[in-house]
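Peer 1: In case you want the letters, here they are:
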Amino acid sequence: MTQVRVTVDGVNYADDVEPRTLLVYYLRERLGKTGTLVGCDTSNCGACTVHLNGQSVKSCSVLAVQADGGEVTTIEGIARDGKLHPVQEAFNEHHALQCGYCTPGMIMQSIDLLGDNPDPSEAEVREGIEGNLCRCTGYQNIVRAVQGAAQKMKPGAHADTPATAGVAGGGA
Amino acid sequence: MTATAEPTLEVGRARVRKEDARLITGRTRYTDSITPQGTLHLFVVRSPLAHAKIVGVDKSAAEASPGVVGVYTAADLGVEAVGLPCAWPITPDMKSPQRPLLASQTVHFAGEGVAVVVARSAAEARDAGDLVEIDYDPLEPVLDMEAALADGATLVHPELETNENATWVFDSGAAGTGGSVEEAVAAAEADPDSVVIRRRFRQQRLIPAFMEPRSCVVDPAGEQLTIYAATQVPHILRTMTTVTLGVPESKLRVIAPDVGGGFGGKIGVLPEEMLCVALAQKLGKAVKWTETRSESLLAAHHGRDQIQDLVLTAKKDGTLTGFDVHLLADMGAYLGLVGPGVPILGAFMFNAIYKIPALRFTCTNVFTTKTLTDAYRGAGRPEATFAIERMMDELAVELGRDPMELREQNWIKHEEFPFTTVVGLTYDTGNYEQATEQAMATFDYAGLRREQEERRASGDSVQLGIGISTFTEMCGIAPSRLLGSLAYGAGGWEAASVRMLATGKVEVVTGASGHGQGHETAFSQIVADQLGVPFEDVEILHGDTQVSPKGLDTYGSRSLVVGGVAIHMAAEKVIAKARKIAAHLLEASEDDLEFANGSFTVKGTDKGKAIQEIAFAAFMAHDYPEDMEPNLDADAVFDPTNFSFPHGTHLAAVEVDTETGRVHLRKYVCVDDVGTVVNPLIVEGQVHGGLAQGIAQALFEEANYDEQGTLVNGTFVDYTLPSAADLPSFDTATVSTPATSNPLGVKGVGEAGTIASTPAIVNAVLDAVRQFGVADIEMPTTSQRVWRAIQAGKGHSTQETPVDTHSPGAGLGSIDPNNPQGEVQ
Chain C
1 MTQVRVTVDG VNYADDVEPR TLLVYYLRER LGKTGTLVGC DTSNCGACTV
51 HLNGQSVKSC SVLAVQADGG EVTTIEGIAR DGKLHPVQEA FNEHHALQCG
101 YCTPGMIMQS IDLLGDNPDP SEAEVREGIE GNLCRCTGYQ NIVRAVQGAA
151 QKMKPGAHAD TPATAGVAGG GA
Chain V
1001 MTATAEPTLE VGRARVRKED ARLITGRTRY TDSITPQGTL HLFVVRSPLA
1051 HAKIVGVDKS AAEASPGVVG VYTAADLGVE AVGLPCAWPI TPDMKSPQRP
1101 LLASQTVHFA GEGVAVVVAR SAAEARDAGD LVEIDYDPLE PVLDMEAALA
1151 DGATLVHPEL ETNENATWVF DSGAAGTGGS VEEAVAAAEA DPDSVVIRRR
1201 FRQQRLIPAF MEPRSCVVDP AGEQLTIYAA TQVPHILRTM TTVTLGVPES
1251 KLRVIAPDVG GGFGGKIGVL PEEMLCVALA QKLGKAVKWT ETRSESLLAA
1301 HHGRDQIQDL VLTAKKDGTL TGFDVHLLAD MGAYLGLVGP GVPILGAFMF
1351 NAIYKIPALR FTCTNVFTTK TLTDAYRGAG RPEATFAIER MMDELAVELG
1401 RDPMELREQN WIKHEEFPFT TVVGLTYDTG NYEQATEQAM ATFDYAGLRR
1451 EQEERRASGD SVQLGIGIST FTEMCGIAPS RLLGSLAYGA GGWEAASVRM
1501 LATGKVEVVT GASGHGQGHE TAFSQIVADQ LGVPFEDVEI LHGDTQVSPK
1551 GLDTYGSRSL VVGGVAIHMA AEKVIAKARK IAAHLLEASE DDLEFANGSF
1601 TVKGTDKGKA IQEIAFAAFM AHDYPEDMEP NLDADAVFDP TNFSFPHGTH
1651 LAAVEVDTET GRVHLRKYVC VDDVGTVVNP LIVEGQVHGG LAQGIAQALF
1701 EEANYDEQGT LVNGTFVDYT LPSAADLPSF DTATVSTPAT SNPLGVKGVG
1751 EAGTIASTPA IVNAVLDAVR QFGVADIEMP TTSQRVWRAI QAGKGHSTQE
1801 TPVDTHSPGA GLGSIDPNNP QGEVQ
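Sequence order for the protein chains is C and V.
Position one of the first sequence corresponds to residue 1 (this note's numbering), numbered consecutively onward.
Position one of the second sequence corresponds to residue 1001 (this note's numbering), numbered consecutively onward.
Check each hint, because a few of them may be wrong.
[To be verified] Listed next, the stretches of chain V that the computed footprint assigns to chain C, with coverage defined by at least 3 CB atoms under 8 Å from CB atoms of chain C:
id : region
1  : 1027 to 1037
2  : 1172 to 1185
3  : 1210 to 1222
4  : 1251 to 1260
5  : 1634 to 1647
6  : 1710 to 1718
7  : 1725 to 1734
[To be verified] Below, a sample of chain V positions facing chain C; criterion: calculated Cβ distance under 10 Å:
id : residue
8  : Val1016
9  : Arg1017
10 : Arg1022
11 : Gly1083
12 : Pro1085
13 : Ala1087
14 : Phe1263
15 : Pro1630
16 : Asn1631
17 : Val1687
18 : Ile1695
19 : Leu1721
[Unchecked claim] In silico DSS-like pairs for lysine-lysine, Cα to Cα no more than 27 Å straight-line:
id : chain 1 : residue 1 : chain 2 : residue 2
20 : C       : Lys152    : V       : Lys1018
21 : V       : Lys1018   : C       : Lys83
22 : V       : Lys1053   : V       : Lys1018
23 : V       : Lys1573   : V       : Lys1607
No lab work stands behind these hints, which were simulated from the structure alone.
Values in this document were obtained by computation on a predicted structure and should not be read as measured data.
Just so you know, even glycine gets a beta-carbon here, dropped at the ideal spot from N, CA and C.
Extracted from the complex, chain V is given alone in its bound form (with noise of 0.2 Å):
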């Protein structure tokens, strides 16, 4: 019996992670962990003022601090002229100021550097920071978005002349990927059968704040000067190295060791890094940098900011007519390596599941005197589903709807796919309705339903609401040549390469650049399935570039459905050598070879050989083909054709003390659509992470600016990550429709529940207070935000102007929810 039994495959199974040996241990190498002997500390003199001019800096007391080797201006290291790398132009007049290593005439936000201190010693370094004087002549920092580009306002960089970086448009009428927007709301204006919804959404500041501080090491010893870095990106980082300071790429080697969490957070190129590079270049000896909390929070960059101005039209059935979307994104002080394409990453999926006929999209990035924006888990998409989530819901309360009703009104049916939508992408699988229908039943809609009209019935004290977030959203990055069109300034493709070693081990270099992602344990499954060898066979090579050369690293959900395929290649490739080999051997043609669990065995016969077998024959080269080499490794670079679209329906259960304003996360309830799950263990961890940071958008975080610019929760105290406490056990749950756009059937997951879960909870949270007359709270919904909410909108004065719920766009709208037909009563 036993002989017959069909080894089990890898992919599918929940294997626990081979990575976490050491994490569990401690036998791990972040990188500030690494000290090379003799390593000098680097320390940043950063601004405490938004906006000022630099009038002096006097160095002479920190000079003559113990153990200090020297500190510098930009002007002593002589990188005045040198910018930081923003890759992203995303329109030809976008306007772009130089990014310094440190301020020469003018600081932009409070954190800015001006100066670096170098010593013996971390502590040391810090000592002497706090010696060196600078005088600066205070101006008016810039704050706010709108005020920011009106006439008159003053400028951040004034060389621009502007506040405005770039405006980016997408009309799906002007594309001919759908209708018109302008005709779509003037018709529904004219027409008593039409609504029209328009809302002001705010999208809060956020910080990234993955668990390890931003560090590097630049240790100059030897022929290449090696970086190790707290990166998600070590090959962009080692290009925009030469990109920025000149050193040729092969003479950087950049390691990204054990990093501690990234979610966009450490895409960037820093100042910091370019700092190391050039002092230990000009010392000749290894530099480093490790920030603080509190220099991350306040110099690390932001992500979010956004103002969404949205008006969606439909018919009084429901039926979606059109969507105006027009955004003002906050860059801060600079521009990122990506930051000002983060808004237009959005643009593409503010239609969602839904089928809309005719979309805009307008997007005004300003600079202002804040730390600067770029990705954050997500990036764009979280916005977006957002915006289209709560209007749906605004749409819902209009019309007097069930709001899951209207959005199966409104979506695409699993039989229209593949669906190419109005903003011209091309959905290749879902199936909206399977999920729906295994939320819905796994959570108790109608049960909670019930709950709530009972508790609003009886006043009590403690309300229910329940929020709905139906989200799709696009991933992968992506295919090359549309990123190309985007004047993005890279490819997407991932590169790979599989070893088979003379005793048959595997060796897998990967280009993706894992930081917690599991990637070790995932690819491992893939080609142990694939190449039929055991699991514990195989060792997953990455995140040093002088190991793996090539690659575009993590970000973007990118890893499985871009660098997993590329793996998938290489070892097709390595197998089709081997089977030539194994011919050769067997004395057989390759088309009489079938090749299944590692072995290849000539059809009808028990003649046969292992993938080992054949890598050591190779590795002898004793006897092999005429034709070709005596080797079975492969490299593949996997260039993807679309992006990847997983989807998923969250529901939330919220309860809402109305005497305090307290809300209580009761129930979350998620199912989603990553097509073929690779480990579902690695993607329910993803999948709970992702939640975490959405729901803290929603309830818990922001990044708040006083009147003089100056951060004002710049420490783990007071900007307010999710504990434990503060969180409850999510019930989440997978169903499959394989991607058809990659052989391994996968879609990403990485920013799933982060963009799906922030508008379930706001709709939730305003679910249930709209019956006290609110139409809004801004997030993050915080006890005091929910109580003076409830207070104004039941009409009680509170310290705040009390909200008006009467004017048109201010909540409640026209139409009563009550008397959706508007009769006379």
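The following block holds chain C by itself, in its conformation from the complex (with noise of 0.2 Å):
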């Protein structure tokens, strides 16, 4: 066992985990953060994606013990205040998800794209969430979504929005 001290949707945390333990399982099963999914064993659909240290990363290809130290965000702590995330907001405006299961992963990885791209063209949100599979949407409305999204989140677009702060990822 393997002492791994990290912050989850801003809780603490100090477990005690095997060393081969995945990210993905030690949010799921130790921690309870069971909104974030497992579509794949091969880092392919990108159905776990969450945020370390700022970045979106595929939680089922990160150990736990590489996470030690870090602050992970998953899709249970965008929302702010009861106030949801732009992101989310437009996935549902734009029914950018059917089954949902690819949804959080989706969306986690979308705010990372407009964290490094504020304003990407079709083809730009198209090559930023290639990592990311569903099954269900054809990604049409997905990409509608994180371009509203990134309309909505342009400074000045909204008072009330948390733009890109804490929560948007993106670059170094």
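Need the complex rebuilt from these two chains, each delivered in its own frame; the hints are there to steer you.
Peer 2: This is the structure in structure tokens:
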């Protein structure tokens, strides 16, 4: 067992874990963060995407011990004071989800993408979420949602949006 | 001014989905997230070989592994005689092998379970699973359908004495619904003014690949055994668990919590589910199984996998005269729940929208040592649509005709509805001209044809291809009596209840079991309009046999057109009951009451009662009519009288890089007629997703087996689902000729995009490269296949034998498209 200290969605945790434990299973099974999902075992689908120290990672490809000392944000931690993140809102408004299984990872990746590129073209969105698979939507409404969120998140677009602070992810 | 404003109707409104709230915040409960305290975890030890005798199983090392509760074979569990159900014996003499929970003597496909490990954690179960030693004596795999049917072939199930599961025939001549195909073909062969087109197409094997891996938890605590399952069919799963294991149905509760997609892939009754039931009973603890993605691709049922031998006859003026369809359909090693019937669902759709006077359909189902096949989005109808839509293009090429003009010549005209087809189905409504006209205009068909000519003339390295698919399909499964005539092992009805609560809120119980379709939103819209209550006041309850005790679940684009209609019927009954109480309270005759916008009013007066007031009065029960119970709640079961026949015109433009073979989907336009649209946002989403899956069959996906019978693309690394970067934005629209077969006027939409799109893409790819002598390209039309086809067509050597384009039936056929009359030059 190895000790890991990690902040997840604003809460500090200290746990002993098997060194082989993947971050996603630590989140789901130890912390009860079941909003983050597992869709494959080869890091292709991206359903497990979370933010680690402000950047999106596929949490099935990170050991829990690699997150030691770090800060993790999951889909459960991006709404603030009861207000949804603009990307969450946009996914609803643009019907960017059906079964919802890819949605947590897709939203976390989209937030990261918008952190890097606040005004992406359609092609840039498609490239930016290429590592996250969706079987329901054909992606078109996901692309619309990400671009719609980008407009909302532009500085000055909405005074009350959390903009890119804290949960926006993106570049170093 | 505002006082007289009509309330906005919910039906037709692009409501954002109410179910999204939990899905976008992670407040979800998918099956793998359910872990009752003390849950034990199941790992299945699977055969790496396709066909082998099991010589011995050594469990000792696994049993000694930390955290292991037990390691079991079928014999250890006493389930050797248990067989999983097939509910569709398509012929009386259908050959049906026992499909065991775990293989005991022989494994019949790579991925079949042989033993299970039960342990404290999933990781410990998996660790121990690696320590189970199984000795196999390999047998010859059976992989090719035609070889499997040949004399002397290795038998998948020797006790059946054949690899043929069944042969099912429909002949319009024999059925009296049309002419004889034999006569049509003979006549065409003898007639110099007719053509006979013979083609062979392959429907490759696909994997449904829902995003949520399959999972189940069986909890034996309580009087009922509770099964949580990632399933499309909780009601069917409950009944079939009884059929399979003998647990009384009344002792079973099945819950389908949040379910992450299905596409037909979660319609089955799984060996793993039954093993969890058996082990939960044996051990007295909750038992959970969640598959890995690799297990899912390997062992969850696959779809499609047909060889289609087709003969289409027509007059040289383009008039279709007959269609003879002969299929081989790969069942895999065992029969799935409805597997043998999947090709039969296509039988009635090969004539599609066309007036074909004679049709024969013959399908032989074949056993192989591969993963079993069963329903995948469209189930039989994509295969049929592909066949006819590809053949219409082949005929157009043979005759030198524009492919759309040829279709229009043969399709059912809008004024001819209702139209009884050559297979005896009655299409209630449709307007192919309307959908086509709009699609052609949006697509700029004429402009793209001009560009195509220019690129051809200039010898551009990037050639343009235009593909058409004018599809229809039959869905909304289904009239129960008709299913009975096809020997289907269930009815096709759906159940609903509508309950008015004391406070005026509404609970709607449906037997349809959604897993991403947007049922909660669409059904709420229907009920809100009917009862005149706010959308937000309607709650949709489903997916738990204790909450929704009666239902036949979700598949075959049936949720709205069968389940939604049942809800509509139940709500009508609620209104009828409320009317009696309203009349009583208003001291008026029922006939003098009008019901609109949620209120009963006495005609010609301002006296009225809102339905919520009536609900409260019924709850209080202080004052209600003598001849009724104080209750507004109502149940309904809707058994449809006909299928639903959505249709549409789909147009694709692809750019083919002739130097690399790469296909770029440049433009996709479709106009679909799905009858009355309840929620345009949801319809659009269903079409988008359907298109993506149909396009993926044309361009990207195939489950490949090597010569040993091993699935070689058993991960998402190599089973290539399209990503966002692989697809364009689609231009979708709807037109509407409301269905007359149901009171809502609705038609199914869930499968339409998948059914329509595959032939549109392949027709477009071929349209781009036929000029190089290419006759056909098997799906998926990958860069390599397209490049090879171009090289071969040009007569250039590739590592494969060049394609023969001159033999009869090899593709370009007997008629030169540039010289359709066959004049000597």
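Peer 1: Does V/Gly1083 pass the interface hint, meaning its C-beta sits closer than 10 Å to a C-beta of chain C?
Peer 2: 31 Å, violated
Peer 1: Is the hinted pair V/Lys1573 and V/Lys1607 satisfied, with a Cα-Cα distance of at most 27 Å?
Peer 2: 23 Å, holds
Peer 1: Given V/Ala1087 as an interface hint, is its Cβ closer than 10 Å to any Cβ of chain C?
Peer 2: 25 Å, violated
Peer 1: According to a criterion of three or more residues whose C-beta lies within less than 8 Å of a C-beta of chain C, is the region 1634 to 1647 of chain V covered?
Peer 2: Our answer is that it is violated, as 0 residues pass the Cβ test (under 8 Å) against chain C, missing three.
Peer 1: Next item in the hint list is V/Ile1695. Is there a CB on chain C closer than 10 Å to its CB?
Peer 2: 8 Å, holds
Peer 1: Can you confirm whether the C-alpha distance between V/Lys1053 and V/Lys1018 stays at or below 27 Å?
Peer 2: 53 Å, violated
Peer 1: Establish whether the coverage given for the region 1251 to 1260 of chain V by chain C is satisfied; the threshold is a Cβ-Cβ distance below 8 Å, and no fewer than three residues must meet it.
Peer 2: holds (count 3)
Peer 1: Three residues minimum, CB to CB under 8 Å: does the region 1172 to 1185 of chain V make the cut for coverage by chain C? Let me know.
Peer 2: This one is violated; 0 residues, fewer than the three required, reach chain C with a Cβ under 8 Å.
Peer 1: For the hint on V/Asn1631, does the least C-beta distance to chain C fall short of 10 Å?
Peer 2: 36 Å, violated
Peer 1: Three residues minimum, CB to CB under 8 Å: does the region 1710 to 1718 of chain V make the cut for coverage by chain C? Let me know.
Peer 2: Holds, because 3 residues of the region 1710 to 1718 of chain V bring their Cβ atoms closer than 8 Å to Cβ atoms of chain C.
Peer 1: A closest beta-carbon separation below 10 Å is what the hint needs, so does V/Pro1085 meet it against chain C?
Peer 2: 26 Å, violated
Peer 1: Take the shortest C-beta to C-beta distance between V/Val1687 and chain C; is it under 10 Å?
Peer 2: 8 Å, holds
In terms of the numbered hints stated before, the structure departs from hints 2, 5, 11, 12, 13, 15, 16, 22, listed from lowest to highest.
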